[in-house]
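Q: Next come the chains, spelled out residue by residue.
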Amino acid sequence: MIANELAYNGKVEGDVVVTKADAVINWIRKHSVWPMPMGLACCAIELMASAASRYDISRFGMEVMRFSPRQSDCMIVAGTVTYKMAEVVRRIYDQMGDPKWVVAMGACASTGGMYRSYAVMQGVDNIVPVDVYVSGCPPRPEALLDAMMKLQDKIANESSASNLLKANPSGSLPAK
Amino acid sequence: MIDEDFTRGLLEQHTFLTKVSHEDCLCLLCPPEHWVEIAKFLRNEETFELLADLTAIDQGEESEFRFTVVAHYYSRIHHDYLRIKCDCTDSLSPKIPSLSSIFPAADWHERETFDMFGIEFTDHPNLKRILMWDEYPYFPLRKEFPLAGIDTPLPADDVVEVTQASVEPAPMMGGPFVTSGSGPMSNSEPRAKDESWTEEVEKSK
Ligand code: SF4
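Line order of the protein sequences matches chains W and A. The first sequence begins at 0 in numbering that gives the first Met the number 0 and counts up by one. The second sequence begins at 0 in numbering that gives the first Met the number 0 and counts up by one.
Simulated from the structure, these hints should not be mistaken for lab results. Take the hints with a grain of salt, since some may be wrong.
[Claimed, not checked] Computed footprint of chain A on chain W; a stretch qualifies when at least three of its residues, placed anywhere within it, have a C-beta under 8 Å from a C-beta of chain A: (1) 85-92; (2) 116-122.
[As the list claims (entries may be wrong)] Taking lysine-lysine and the BS3-like style, the derived pairs with C-alpha atoms no more than 30 Å apart in a straight line are: (3) A:Lys142 <-> W:Lys83; (4) W:Lys99 <-> W:Lys165; (5) W:Lys83 <-> A:Lys192; (6) A:Lys142 <-> A:Lys127; (7) W:Lys165 <-> W:Lys83; (8) A:Lys142 <-> A:Lys84; (9) A:Lys39 <-> W:Lys83; (10) A:Lys127 <-> A:Lys192; (11) A:Lys18 <-> W:Lys83; (12) A:Lys94 <-> A:Lys127; (13) W:Lys83 <-> W:Lys99.
Just so it is clear, CB atoms sit at the ideal spot from N, CA and C, and this is done for glycine as well.
Given the sequences, and given the hints that come with them, work out the whole structure.
A: Shown next, in the form of structure tokens:
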């Protein structure tokens with residue numbers, strides 16, 4: 000009974016909950032991040048591992064990996080982004096509905112990693128705006144989960160309500 | 000294994016072949032005009048039914064024959080590989096006949112060799128780039144091409160318009176990143192030979 004007293008009590012407070020729009024929107028968003036698995040190289044194996052039972056990304060409500068950009072809102076770039084693939088990554092990003100986030104998973108996606116070569120883009124942030132970078136080659140699933148929790152924190156602090164009213168500059172990159 | 004008898008027989012039957020020094024499998028040099036003929040022979044008359052690999056070597060601009068095309072054939076009966084090399088006579092616009100009509104596997108190998116070295120395979124059904132994009136202006140495995148790359152525009156105009164992205168030479172940071180191949184994993188992982196740019200090591204003047 001005591002637990003009931005501490006929680007929301009419909010008899011006392013009626014059918015109304017007062018809160019801030021941002022809090023509600025962010026609370027909903029951060030608990031249903033649907034990742035777009037952009038698996039481009041070896042890091043994708045660790046991404047798969049984080050989805051499997053041992054690490055179980057579904058504990059954070061993120062298990063719904065969608066292979067269609069229309070149904071996902073967080074692109075996890077896991078692997079080496081070649082210049083040839085960069086165009087595709089950007090197009091898929093453009094096809095994702097707003098709001099959307101990008102996680103650069105691993106050394107390759109963050110900086111080009113060990114591929115200092117003519118064929119590899121030196122960081123996916125050249126082509127899409129990145130929210131969270133994960134270090135490692137490859138990062139362990141724990142590191143990815145940590146990054147996803149950081150992303151949740153970031154989502155929780157967005158001013159979503161006012162963003163809804165703004166003309167949306169989503170996807171533009173910070174000036175070089 | 001390929002034995003002496005086989006080698007002798009092959010060389011007697013095809014006088015245009017010359018034996019080249021080799022450390023692993025038998026290696027023969029073939030002139031370009033017999034390149035297709037010998038492939039046909041190895042596949043139909045002999046048991047080399049598998050084209051295991053086809054690539055090229057850039058010997059550098061000062062060599063007489065700059066580009067050498069190399070093919071590896073494998074025989075399930077001999078359980079052995081046979082390497083046939085061919086020097087392209089023209090170093091400026093290297094050409095060689097395609098093997099794709101005999102070995103379908105040659106199709107993509109030749110496209111890759113074209114993509115990386117710019118060697119034209121005549122009679123190839125679909126000779127276009129396979130790794131780099133079609134408009135890419137260089138042949139990256141040629142000796143004069145720097146590993147870091149050369150400034151090049153990206154092919155998709157609309158993406159470039161939004162992102163201002165382009166191909167830029169990669170920062171080498173004392174690289175290329177290579178493995179020493181020995182010692183504990185923590186030391187043998189790929190790393191730059193010159194790490195004077197890291198915080199841990201004093202900068203070398
Ligand atoms: S960071 Fe390492 S593990 Fe990840 S894609 Fe690059 S090379 Fe592979």
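Q: Now, for every hint given, state plainly whether the structure supports it.
A: Consistency of the hints with the structure:
1. 85-92: holds (count 4)
2. 116-122: holds (count 6)
3. A:Lys142 <-> W:Lys83: holds (22 Å)
4. W:Lys99 <-> W:Lys165: Holds: W:Lys99 and W:Lys165 sit about 15 Å apart, inside 30 Å.
5. W:Lys83 <-> A:Lys192: Answer holds: W:Lys83 to A:Lys192 is near 28 Å, not above 30 Å.
6. A:Lys142 <-> A:Lys127: holds (21 Å)
7. W:Lys165 <-> W:Lys83: violated (34 Å)
8. A:Lys142 <-> A:Lys84: holds (19 Å)
9. A:Lys39 <-> W:Lys83: violated (36 Å)
10. A:Lys127 <-> A:Lys192: Violated. A:Lys127 to A:Lys192 sits at ~36 Å, over the 30 Å cutoff.
11. A:Lys18 <-> W:Lys83: violated (41 Å)
12. A:Lys94 <-> A:Lys127: holds (14 Å)
13. W:Lys83 <-> W:Lys99: holds (23 Å)
Consistency note: the structure conflicts with the earlier hints numbered 7, 9, 10, 11.
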